[in-house]
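Colleague: As a plain string of letters, each chain reads:
Number of protein chains: 2
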Amino acid sequence: MATLSPEDLLAQLRWRYATKAFDPAASIEDELWATIEESLLLTPSSFGLQPWKFIVITDPATKSLLLPHSWNQHQVVDCSHYVVFAAPTDVGESTVDAWIECLAFYRKVSPESLAGYRSVIDGFLAGLDADARLAWAQRQVYIALGQLMTTAAVLGVDACPMEGFAPAEYDKLLGLPERHLTATVACALGYRADDDNYATTPKARYPRDEVIETFA
Amino acid sequence: MATLSPEDLLAQLRWRYATKAFDPAASIEDELWATIEESLLLTPSSFGLQPWKFIVITDPATKSLLLPHSWNQHQVVDCSHYVVFAAPTDVGESTVDAWIECLAFYRKVSPESLAGYRSVIDGFLAGLDADARLAWAQRQVYIALGQLMTTAAVLGVDACPMEGFAPAEYDKLLGLPERHLTATVACALGYRADDDNYATTPKARYPRDEVIETFA
Numbered sequence: 200m201a202t203l204s205p206e207d208l209l210a211q212l213r214w215r216y217a218t219k220a221f222d223p224a225a226s227i228e229d230e231l232w233a234t235i236e237e238s239l240l241l242t243p244s245s246f247g248l249q250p251w252k253f254i255v256i257t258d259p260a261t262k263s264l265l266l267p268h269s270w271n272q273h274q275v276v277d278c279s280h281y282v283v284f285a286a287p288t289d290v291g292e293s294t295v296d297a298w299i300e301c302l303a304f305y306r307k308v309s310p311e312s313l314a315g316y317r318s319v320i321d322g323f324l325a326g327l328d329a330d331a332r333l334a335w336a337q338r339q340v341y342i343a344l345g346q347l348m349t350t351a352a353v354l355g356v357d358a359c360p361m362e363g364f365a366p367a368e369y370d371k372l373l374g375l376p377e378r379h380l381t382a383t384v385a386c387a388l389g390y391r392a393d394d395d396n397y398a399t400t401p402k403a404r405y406p407r408d409e410v411i412e413t414f415a
Numbered sequence: 200m201a202t203l204s205p206e207d208l209l210a211q212l213r214w215r216y217a218t219k220a221f222d223p224a225a226s227i228e229d230e231l232w233a234t235i236e237e238s239l240l241l242t243p244s245s246f247g248l249q250p251w252k253f254i255v256i257t258d259p260a261t262k263s264l265l266l267p268h269s270w271n272q273h274q275v276v277d278c279s280h281y282v283v284f285a286a287p288t289d290v291g292e293s294t295v296d297a298w299i300e301c302l303a304f305y306r307k308v309s310p311e312s313l314a315g316y317r318s319v320i321d322g323f324l325a326g327l328d329a330d331a332r333l334a335w336a337q338r339q340v341y342i343a344l345g346q347l348m349t350t351a352a353v354l355g356v357d358a359c360p361m362e363g364f365a366p367a368e369y370d371k372l373l374g375l376p377e378r379h380l381t382a383t384v385a386c387a388l389g390y391r392a393d394d395d396n397y398a399t400t401p402k403a404r405y406p407r408d409e410v411i412e413t414f415a
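Protein chains in written order, with this note's numbering: chain G, 200 to 415; chain B, 200 to 415.
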């Protein structure tokens, strides 16, 4: 297996930080970006339902439109690729229909043969009202955010997760409501500017024993 | 930098799957586990607040107690390390106090000098009621889940994320309510059993163009 050594993994996770200043001239090259997209697509999700849409923005005009609704954080415009993670607001029967069809295709079986599995998913969703379904989908989206940030770190790409934006404005600008989607979180990716002092600010984390408890 | 090549990263992300059957005899060795814990600690979070506690269970007796409250999914007992991700139910002023103190320590400044930053966090939390604060903390927890699963994949460790459990029962068994915590999601880690057919089941994902939209 082509694994990463424990030392190298930790070196990359310590190298990463929430990039405050991106080098606006530094673009992620196409092949590397294709890997990052593929990693997003491979993100695990509950039941495999993939309740998300990833909106990738490199267009300067679109970035500029989002900037005032992003607490004017310049990462939005200075990064190479800006990803908005949207969650579906209409999780329900058609979500499960689509997934069972996809699964049947890959497994080369009929959708009907997956009826038992389907009923487990239906049962799960039946226990959630519309708000709880959206909350569930949004939590899945955060798995994708986690996978994206870890992926970027091990590839040597800088990233800055972004919660500080006005979702309703993003939704409007990106045409999300008519597609039953809502902006949930975002992430700017690219390369740090040479003069970003945050790159060398010590990483602050609670001590292990405050965060991890062991039953051994 | 000690990065992973794009091909190797994708190979590992394709190698991973939600492990259904763990080899109960295969343990993650201590040094490798320490790396996985360190990766959990390094997980990014909103404002750096780290609103989580990771409960690591290797004790067979505790695992057995959790099994009936986990839809009897045997990963709970057969895995090497079972991690329960708990979120705080009392996010508030003391959460911010602790974080500002931690940050001041690492930056070698006084907590008072971070008053401006603090007011941004206070302002953010002031806009959320108790339910929304918990939902926010739980979303952060899912970043840690994402980082953990990606970390495991690049290290060659198997994992199975677990949402199918009774949080109230987990809370009781792990003594979480008295510490203002609630079980949010879990993840079993270890090594796949030789006879886990799911290991070779084709990975089912929606086509790129259904999931990714580009503004370029």
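Be aware that one or more of the hints could be misleading.
No copy labels: a pair is met if it fits in one copy or bridges any two.
Restricting the straight-line Cα-Cα distance to at most 27 Å, the calculated cross-link-like pairs of lysine-lysine (DSSO-like) are [claimed, not checked]: (1) Lys-402 / Lys-219; (2) Lys-371 / Lys-219; (3) Lys-371 / Lys-307; (4) Lys-262 / Lys-307; (5) Lys-219 / Lys-307; (6) Lys-262 / Lys-371; (7) Lys-219 / Lys-262; (8) Lys-402 / Lys-371.
Please keep in mind that the hints were generated in silico from the structure rather than gathered at the bench.
Colleague: Measure nothing new, just compare the shortest in-copy and cross-copy C-alpha distances for Lys-262 and Lys-307 to 27 Å and report within, between, both or neither.
Modeller: Answer is neither: 42 Å inside a copy and 36 Å across each miss the 27 Å cutoff.
Colleague: When no copy is specified for Lys-219 and Lys-307, does a C-alpha distance of 27 Å or less occur within a copy, between copies, both, or neither?
Modeller: So Lys-219 and Lys-307 pass the 27 Å test across copies only (20 Å; inside, 47 Å).
Colleague: Taking 27 Å as the upper bound on the Cα-Cα distance, should Lys-219 and Lys-262 be classified as within, between, both, or neither?
Modeller: within (16 Å within a copy, 42 Å between copies)
Colleague: At 27 Å max between alpha carbons, let me know whether Lys-262 reaches Lys-371 within a copy, between copies, both or neither.
Modeller: within (14 Å within a copy, 47 Å between copies)
Colleague: Given a CA cutoff of 27 Å, do Lys-371 and Lys-219 count as a within-copy pair, a between-copy pair, both, or neither?
Modeller: within (26 Å within a copy, 41 Å between copies)
Colleague: Go through the copies and call it for Lys-402 and Lys-371: within, between, both or neither, with a Cα cutoff of 27 Å.
Modeller: Neither, since 36 Å and 34 Å both go past 27 Å.
Colleague: First find the shortest C-alpha distance between Lys-402 and Lys-219 inside one copy, then the shortest across copies, and answer within, between, both or neither for a cut-off of 27 Å.
Modeller: within (14 Å within a copy, 36 Å between copies)
Colleague: Within a copy, between copies, both or neither: which one fits Lys-371 and Lys-307 at a CA-CA cutoff of 27 Å?
Modeller: neither (39 Å within a copy, 43 Å between copies)
The structure fails hints 3, 4 and 8 (numbered hints given earlier, in ascending order).
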